[in-house]
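Q: For the protein sequence lines, the chains are H and U, in the order given.
Residues in the first sequence are numbered consecutively from 1486, following the numbering used here.
Residues in the second sequence are numbered consecutively from 226, following the numbering used here.
By construction, these hints were calculated from the structure, which means they are not laboratory data.
Possibly wrong hints are sitting among the right ones.
[Stated by the list, open to error] Derived pair list, reagent style DSS-like, types lysine-lysine, alpha-carbon separation capped at 25 angstroms:
hint, chain 1, residue 1, chain 2, residue 2
1, U, Lys364, H, Lys1790
2, H, Lys1487, U, Lys321
3, H, Lys1487, H, Lys1790
4, H, Lys1686, U, Lys338
5, U, Lys353, H, Lys1791
6, H, Lys1686, U, Lys336
7, H, Lys1790, H, Lys1491
8, H, Lys1790, U, Lys363
9, U, Lys353, U, Lys380
10, U, Lys353, H, Lys1797
11, U, Lys363, U, Lys353
12, U, Lys426, U, Lys364
13, H, Lys1487, U, Lys353
14, U, Lys364, H, Lys1686
15, U, Lys304, H, Lys1777
16, H, Lys1487, U, Lys426
17, H, Lys1686, U, Lys321
[Stated by the list, open to error] Just a few of them, taken from the derived set where beta-carbon distance is under 10 angstroms, the chain H residues facing chain U:
hint, residue
18, Asn1489
19, Lys1491
20, Ser1661
21, Arg1665
22, Ile1682
23, Thr1784
24, Leu1787
25, Ser1788
[Claimed, not checked] Computed spacing ranges between beta-carbons, pair by pair:
hint, chain 1, residue 1, chain 2, residue 2, range
26, H, Glu1786, U, Lys321, 14 to 20 angstroms
27, H, Arg1762, U, Asn322, 34 to 40 angstroms
28, U, Ala360, H, Glu1786, 21 to 27 angstroms
The structure displayed is predicted, hence computed values, not measured ones.
We put the beta carbon where it would ideally sit given N, CA and C, even for glycine.
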Amino acid sequence: MKANVKYNLVWLIMMVAGFYLMNTLILVGVIDSFIENMLVTIGINIILATGLNLIIGFAGQFSLGHAGFMAIGAYATAIVTQTASTPGGFYASIFIGIVISIIAALIVGVPTLRLRGDYLAIATMGASEIIRILINNMKITGGAAGMFNIPQFADWPTVYIMVCVTTIIIVNFIHSRAGRAVKSVREDEIAAEAMGINVTKWKLAAFVLGASTAAVAGSLHASYLQTIAPNDFGIMESISILIIVVLGGVGSITGTFVAAVVLGVLDTVLQNFGALRMVIYAAALILIMIFKPSGLLGTWELSIKKIFSRSKRKERVES
Amino acid sequence: MSKLLQVENLVKNFGGLTAVSNVSLHLDNNELVALIGPNGAGKTTLFNLLTGVIPASSGSIVLSGENGTYPLNGKRAYKIADMGLSRTFQNIRLFKNLSVLDNVLIAMTSKFKEGFIPTIFRFPSYYKTEARLVAEAKKLLAIFELTDDVDVLAKNLPYGTQRRLEIVRALATKPQILFLDEPAAGMNPEETANLTQLILKVQHSFHITILLIEHDMSLVMNLAQCIYVLDHGSLLAQGTPDEIQANPAVIKAYLGEEA
């Protein structure tokens, strides 16, 4: 019990310290609005990619429809905050986005999660295209032109806090009875079922949780950028989230963080190179995949518990 | 008094092939029963029918519990596992990339409920349940001398130990009936002798019924109180080991007829 409190406290201190570090850097002027923009994009990508890593890396369900759920969150926030332009309205819109995306994930997941591998990828990709085309053809969403002048409630502290909250939820989900059940489904469905695991239920749980965090990311995206269009949430967006997951390591949340930061920085730095940008970006990805096919970190996780127990063991050896 | 598990006229057709035809059998409390037969006789299919991996074409499977009887046909595998039928697999199906401890903890999942909110926000109750789970899993692993391997990934265990872990994992679901599908496959005589002792220990210390498929006759004849012989999907004979060894039909199925 005591040990758990200690580990959780260390994590909390790290999060608070990170917040104040950024705050000071902005006040001092080291982080200008250009870098701040980059950091917010990285934060939103982290939320998206940890959710997708839960679905792909831990539940073993290859989903290519993450952008669809992001779109639901984005449009929920855009529509709600244009009529109720208050911080309360913004948070309500996040909640509405989560609820709608959970419903959508259930509708999509119940029939498609019976499929495996490539088939599931195509089915989820199709589902996300359906969401995008629905948005494209509705009046309330502004059609293909999208929505403008969305009030900005999501500043960097909001995004930072949301990154922390969604990560805590997903990591705690993974390191629990639920996470073990989900991982057993990835390992061997028949054996899992024979051990009393309701395979359909746990697959769906991971899928729905991943989808709802994607909706949160969508809400932040809409509110921060203030402009959204259906084409922002196409297949390319799903793929770029997938790239973060694969690059960081399928099955490593720490890897997702590292990859989101690396790619975010790379993307920003390469903006100066104009047309060469995509070439260098692609070459970097290919090189990493050749020399580290399991992703930057594989399935390695940063664990305070492990660090503590390692230093304890050292002490024992020395004494 | 009714039998613990009563199977009546179980049939499974795969297209035109009848893999299991009209099999009736029963298991008593704390009984050790063997199921033998030549390759392709339908033994594993019968196991799959009993544990709900595949649905039966017709027939009934009824489990008797303390409060009445429960029909098992048509139930999903995880529900059947919840009702106390657990199994191992012919070709080991451990959760290979997870630790030995996780393998056992997963089997306990449905026995320990913990809400979503307490889990996500790590209430004290979450840590309490988790500690209880881990303690129980470790206790079980200690009985089977796996304490030193708790953090090892299942795929890195030696073959014999993997088989042992699969039995531990099946026991972690707190079964009434344990189905062992060829537990001695690929083992040398010494390992088989150890396994025989282990199975006897399991039967006595956990007070459960065991149904096992096995080709190793020394193990079958040493352990089984009752033997069912399956050939071409139907029941050829049943009886004590001595009766089966003397049964001409069984000898014919295994060795063929004299020319």
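Q: Hey, Lys1686/H versus Lys338/U, does the alpha-carbon distance stay inside 25 angstroms?
A: Within the cut-off at roughly 14 angstroms; holds.
Q: Need the status of pair Lys1790/H, Lys1491/H: alpha-carbon distance at most 25 angstroms?
A: OK: Lys1790/H and Lys1491/H at ~9 angstroms, within 25 angstroms.
Q: Does the nearest C-beta of chain U fall within a distance shorter than 10 angstroms of the C-beta of Thr1784/H?
A: Where the cut-off is 10 angstroms and the nearest Cβ of chain U is about 8 angstroms from Thr1784/H, the hint holds.
Q: Just to be careful, I want the Cα atoms of Lys353/U and Lys1797/H compared with a cutoff of 25 angstroms; is the pair within it?
A: Judged against 25 angstroms, a Cα distance of about 24 angstroms means the pair holds.
Q: What's the verdict on Lys1487/H and Lys426/U, does the C-alpha distance respect the 25 angstroms limit or exceed it?
A: violated, 38 angstroms
Q: When you take the CB atoms of Glu1786/H and Lys321/U, is the distance between them in 14 to 20 angstroms?
A: Holds, at about 19 angstroms.
Q: For the restraint on Leu1787/H, tell me whether the closest CB of chain U is nearer than 10 angstroms.
A: Violated - the Cβ of Leu1787/H stays beyond 10 angstroms from chain U, reaching only about 18 angstroms at its closest.
Q: Assess, step by step, whether the Cα of Lys364/U is no farther than 25 angstroms from the Cα of Lys1686/H, and give holds or violated.
A: Judged against 25 angstroms, a Cα distance of about 29 angstroms means the pair is violated.
Q: Please work out if Lys426/U and Lys364/U have their alpha carbons no farther apart than 25 angstroms.
A: Satisfied, since the Cα-Cα distance of roughly 15 angstroms is no more than 25 angstroms.
Q: Was the hint right that Arg1665/H lines chain U, CB cutoff 10 angstroms?
A: With a minimum Cβ separation of about 5 angstroms from chain U (threshold 10 angstroms), the hint on Arg1665/H holds.
Q: Measure nothing beyond the straight line between the CA atoms of Lys1790/H and Lys363/U; if it is 25 angstroms or shorter, mark the hint as holding.
A: holds, 20 angstroms
Q: Tell me if Ile1682/H is really an interface residue toward chain U, meaning its C-beta lies closer than 10 angstroms to one of theirs.
A: Cβ of Ile1682/H sits 6 angstroms from chain U, so the hint holds.
Violated hints for the displayed structure, listed by number in ascending order: 2, 9, 14, 15, 16, 19, 24 and 25.
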